[in-house]
Amino acid sequence: FGPIWNRNSVASVVLTFKEPFGTQGRGGYFDDFGIIRDVMQNHLLQMLCLVAMEKPASTSPDDVRDEKVKVLKCIAPVTGSDVVLGQYVGDPEGEGPSKLGYLDDPTVPEGSCTPTFATAVLYVHNERWDGVPFILRCGKALNERKSEVRLQFTDVPGDIFGERCQRNELVVRVQPDEAIYLKMMTKRPGVYFSPEETELDLTYRSRYKNVKLPDAYERLILDVFCGNQMHFVRSDELREAWRIFTPLLQQIEGEKTHPIPYTYGSRGPNEADDLLKRVGFRYEGTYKWMQP
Numbered sequence: 003f004g005p006i007w008n009r010n011s012v013a014s015v016v017l018t019f020k021e022p023f024g025t026q027g028r029g030g031y032f033d034d035f036g037i038i039r040d041v042m043q044n045h046l047l048q049m050l051c052l053v054a055m056e057k058p059a060s061t062s063p064d065d066v067r068d069e070k071v072k073v074l075k076c077i078a079p080v081t082g083s084d085v086v087l088g089q090y091v092g093d094p095e096g097e098g099p100s101k102l103g104y105l106d107d108p109t110v111p112e113g114s115c116t117p118t119f120a121t122a123v124l125y126v127h128n129e130r131w132d133g134v135p136f137i138l139r140c141g142k143a144l145n146e147r148k149s150e151v152r153l154q155f156t157d158v159p160g161d162i163f164g165e166r167c168q169r170n171e172l173v174v175r176v177q178p179d180e181a182i183y184l185k186m187m188t189k190r191p192g193v194y195f196s197p198e199e200t201e202l203d204l205t206y207r208s209r210y211k212n213v214k215l216p217d218a219y220e221r222l223i224l225d226v227f228c229g230n231q232m233h234f235v236r237s238d239e240l241r242e243a244w245r246i247f248t249p250l251l252q253q254i255e256g257e258k259t260h261p262i263p264y265t266y267g268s269r270g271p272n273e274a275d276d277l278l279k280r281v282g283f284r285y286e287g288t289y290k291w292m293q294p
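First residue of the sequence shown? That's 3 in our numbering, and the numbers climb one at a time after it.
No lab work stands behind these hints: they were computed from the structure.
Among the hints, a few may not be true.
[Said to hold, decoys possible] Here are the simulated BS3-like pairs of lysine-lysine, each with C-alpha atoms no more than 27 Å apart in a straight line:
hint, residue 1, residue 2
1, Lys258, Lys101
2, Lys20, Lys148
3, Lys189, Lys20
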């Protein structure tokens, strides 16, 4: 993918972390941090670095982390115009916990403005990625559990199918069911020339039958024992990450920005989809990855 891993072929990159449950009585702890500090500033930003960084000189921890820091230094601080914040409310037609909103959690301060959902658009201002939106999306009480990286490729010039084709996408699914698949348009079997969304799929549990994939913290604990620092954040990396998000956090907390309500079990606020559309990401809602 080296020759097409750049702004000439990639239209946008979406990094997603979704949880289908709310704070579940831990709202008092969560309220002190919010979704940006909890997920976006660390987990999603790390995923962004791995996608956008140049090939390191070697696989040594410092060479890898050097390239990640170079990426972070090319990202300007996030502005409020490139962010959508949300807070989940109960679903009146739901059952059990889904009937309760964030503010219904007895451990959450009354009238809290802490966001439980955020979408932010970042740009990596370097020769490879200049102009490509990196969209970070995360939230609680959403419609599914999912963590993934989605690269949406640019349109092929000269549409001969009457706008019936969607953009091709390369998706790295981190959880659940680790997989890598290429979503693309193919001709539907039969006598008619009709395009259809399909995939080339590598699902780890299907391909690697007798291999146990370590959980995230299992890997980190093993790295501690082995003295391998590759998956740990270096101090200069941490400073750059906070440089990107601190002005936004200060603005949100200083102005007490009210997040947009969204229903428990939904995809999040509609305004988040509007933001994605504004920066060029095309979501058609016509494709669903089928587990093998």
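Taking the hints in turn, this is what the structure says about them:
Of the pairs offered as hints, the one joining Lys258 and Lys101 holds, with about 26 Å between alpha carbons and a cut-off of 27 Å not exceeded. Distance hint between Lys20 and Lys148 is fulfilled; the C-alpha atoms sit about 5 Å from each other, no more than 27 Å. Distance hint between Lys189 and Lys20 is unfulfilled; the C-alpha atoms sit about 32 Å from each other, more than 27 Å.
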